[in-house]
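Each chain, letter by letter, is given below.
There are 2 protein chains.
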Amino acid sequence: MMINAIGREIPEVVEGYGPVKSFAGAFATPPGMQRQAPAVKAARPGDSKLLDGLEEVFRRIPVRDGMTLSFHHHFRNGDGVVNQVLATAARLGIKNLKVALSSVFPVHAPLVEHFKTGVVTALDTNYMSGPVAEAVSRGVLAQPVVLRTHGGRARAIECGQLKIDVAFIAAPAADPCGNINGVTGPTACGSLGYAFPDAEYADHVVAVTDHLEAYPLSPVSIPQTRVDYVVKIERIGDPKGIVSGTTRITKDPVQLKIADTAAKVIEAAGLIRDGFSFQTGAGGASLAVAHFVRQMMKKARITGSFALGGITGHLVEMLEEGLFKKIIDVQGFDLEAVRSIASNPNHLEVSAGFYASPFNAGCAVNQLDCVILGATEIDTDFNVNVVTGSDGVIMGGSGGHSDAAAGAGLTIVVANLLRGRLPIIMDKVLTATTPGETIDVLVTEWGVAVNPRRAELREQLLAAGLPVKEIGELKAIAEKMAGKPKEVPLGSRIVAVVEYRDGTVLDVVRQAK
Amino acid sequence: MMINAIGREIPEVVEGYGPVKSFAGAFATPPGMQRQAPAVKAARPGDSKLLDGLEEVFRRIPVRDGMTLSFHHHFRNGDGVVNQVLATAARLGIKNLKVALSSVFPVHAPLVEHFKTGVVTALDTNYMSGPVAEAVSRGVLAQPVVLRTHGGRARAIECGQLKIDVAFIAAPAADPCGNINGVTGPTACGSLGYAFPDAEYADHVVAVTDHLEAYPLSPVSIPQTRVDYVVKIERIGDPKGIVSGTTRITKDPVQLKIADTAAKVIEAAGLIRDGFSFQTGAGGASLAVAHFVRQMMKKARITGSFALGGITGHLVEMLEEGLFKKIIDVQGFDLEAVRSIASNPNHLEVSAGFYASPFNAGCAVNQLDCVILGATEIDTDFNVNVVTGSDGVIMGGSGGHSDAAAGAGLTIVVANLLRGRLPIIMDKVLTATTPGETIDVLVTEWGVAVNPRRAELREQLLAAGLPVKEIGELKAIAEKMAGKPKEVPLGSRIVAVVEYRDGTVLDVVRQAK
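Just so you know, the protein sequences line up as chains L and P, in that order.
Quick note: the first sequence uses our numbering, first residue 9, plus one each step.
Quick note: the second sequence uses our numbering, first residue 9, plus one each step.
Hints listed in this document are in silico derivations from the structure and should not be mistaken for laboratory results.
On a predicted model such as this, the values are computed, not experimentally measured, just so you know.
A hint or two may mislead.
[Claimed, not checked] Only pairs whose alpha carbons sit at most 16 Å apart, straight line, appear in this in silico EDC-like list of lysine to aspartate or glutamate: (1) K333/L to E221/P; (2) K171/L to E121/L; (3) K494/P to D389/P; (4) K103/L to E121/L; (5) K333/P to E221/L.
[Stated by the list, open to error] Label pairs and their computed distance ranges (CB to CB): (6) T125/L to R461/P: 47 to 57 Å; (7) L58/L to G382/P: 32 to 42 Å; (8) L58/L to K521/P: 52 to 62 Å; (9) L470/P to L58/L: 26 to 36 Å.
All C-beta atoms in this analysis are idealised placements derived from N, C-alpha and C, irrespective of residue type, glycine included.
With the sequences and hints as input, model every part of the structure.
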């Protein structure tokens, strides 16, 4: 066993994962020297990439036992490609596949059956919820799932730790030569940013589309130069499923109070000024923060530089009102985001690496003034858990959580002090997803705790009259109301390895009972 | 000595170049297995890329003796970056640099002095004219220049045959994080396509700009993820210099006749139909072909799919008239092209690899119905020379010539039968630039010759009443008028190696006397 920089005990070798590189600090591990060398491809004039159905794709490549198939998650809970591709694999009797899917949603429930039959025996993802997460927690796979961050997945692909044999890219629009975008077809999903590294580095790249346009398609998000095959199917997904999670501002008075306080923290930190940049999620409380920030920006008559991240209609409205000059979009969270990226030249589509990879010449999160994040649990060292629930079952994942936390100048976690009936502040989070050194402020309905690393910020918040408390005080308040949370009984088997964005291991997840 | 597939005698090893891979046919040499693995980079929040002047760039990298510095040529004869960077190198006493500049123009004359003083001792380019070409021909460099094609340069960078230490990218607009475009600054040059591979693969990437915008710049042509430094200088170039070469339709009646015939060849081949795609150069005769094709397209009321290549105002007008749906642009040939790419979403910027590399999953030239090309000489096997003049001195280079010839369905060379007072048809061209197997038709004022490989095309042209002759007949006509051209006396030293787009050697250029 090793103890990493946030005090987690990690085996030196995890079976099915390999030797562990221990987390040493948010910016402590330097990259290796070279990227992965992707395959060279070649094509002659007259070659056709159009294939007749997924089975023909499987035969032409050919897809074999043990390969790694990758997918992006821009359709979120409306995705139709993963299930169709894996059903094809099952039909053809292929076994032992690794699925590298950037996020897993309830719609991907058929994966559980593929686990059981051995069609799929390994999973690599940045987030998972629903039946697949539940089954993984219960130990359905012999091999631990690798849980990455959005930036870490791009890094792993580019640097060769995640080698992809075949990337299947759900393409809302494609031309016969393999140019792809996410905006011009009837099932538009907006940005295709998470699929960019897959397209660039996979040995074989397949555009799976339900909308073929004449050559040359424009705009081009993923170019013909990396796409080997184009296959048209009936339907690649349901764009309505993109809108999973809340996209309306909360009406809950406690959450509104938290959001209002978070906005005041941003103001007290002096960030409501020209050039302000901002990221927030799609949860009700996060959106409420955006709502209050919007009012502050209007009142102060300032113009922000950019909004970043998964993009909602709320941020689109702020762009259209001139409150931000640009949106940098790696993923649309609703159909307003899709509409905007299709038509507004100030709404930019970027790759997962551009968004958040730690190992390139500079990613967008590094330019962020402020990010608003959630938490399932947070500990007195400010380490955050967004992977496991109070029962130890996986119900999420970092996604861009640790990326944005590491990059932003001010990282605020907003959370109710009690989640259900349990305190969210612990001595030690069950699963560490984001290291405490990258979290600056916790905002709850009972007060605001500032990371001791940010003494000057604490002074600013106090000067602004904000209810600053020690995180231990908040913990005590919660425990007074709800008691100390009981330890969660877990099995000893490791069902998931939580990789930090730089590829070191932050934590492991053990089997839920 | 070896004899390659087009019958040229090539040494097995060229001193200063290395072992020669012999040209085996336009699509005969398969690629190697892997691309080059580019350097991994990393950046922390708060890191700044802005440096104060070129000398600081040199010190920070640091630039050392023997390194390869790369540049793109979108400013053509108005480029200001190459000379400033190399003057900096000279001032700092750096020696033995290799300059990888996609094309060399008369404005780059100071390079000759850097050759003489040993600051620069190697050159890698796709085209050169003016004093540098003259000096190279006379033997100023001990090491032969590598002459590539535009697609071949992308391939060489991506596949690791051309390793770049530092790419200096003339950036008409940049932001402090290194996002670059060619369209929003006062010295806009349009597409930056030739710089894309350099940005992707160079160990160090420097954006040299005279126009800094606030983060995030948009549109983004080259992303911050690969750019290490940003330096602001007084002036990166003079966009007026982009318009080098003719950009007006010829008034010469002989050239107009040739152009009219070439257009009729396209029509006879059945290509004036919906979906027609077309590339032509910026020479007076090429533009005249475009002029006649435009009239035909209007008359036939057809809509072409795309125009490709170096883009002129003439093609922009055809896009704006609806004669083409899209323009695919790797380089602007005039300021109308710059204006269009900045404002028209159907005018697409693409990389050199997308345009023409043979070793990716498919380049744009492969989709071309027809390309119009020039020639200094053509031989009875249809091999074309666009590298050396009748005195054996280098005055050009392939650029996209052999790429488009290989990709297009119909490749037409237009040329006056006499150039100056010399026949352009020879038994054997002095320097082979483009293999005859990729040339379909030669159009002269005395008749049209069809490559024997295209018997069906010959029938089509005859049926259309076009003046089809054997290429030998045309050669005889020319020689009757002007006599047989004398052999050019050359030295034995090899001053340049002509690489085909796949990296094999088509020919060598020997020292001019």
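Results for each hint:
1. K333/L to E221/P: holds (12 Å)
2. K171/L to E121/L: Distance ~24 Å between K171/L and E121/L Cα, so the pair is violated.
3. K494/P to D389/P: violated (19 Å)
4. K103/L to E121/L: Measuring from Cα to Cα gives roughly 13 Å; hence the hint holds.
5. K333/P to E221/L: Satisfied, since the Cα-Cα distance of roughly 12 Å is no more than 16 Å.
6. T125/L to R461/P: 47 to 57 Å: Given about 54 Å between the Cβ atoms, the range holds.
7. L58/L to G382/P: 32 to 42 Å: holds (35 Å)
8. L58/L to K521/P: 52 to 62 Å: holds (55 Å)
9. L470/P to L58/L: 26 to 36 Å: holds (35 Å)
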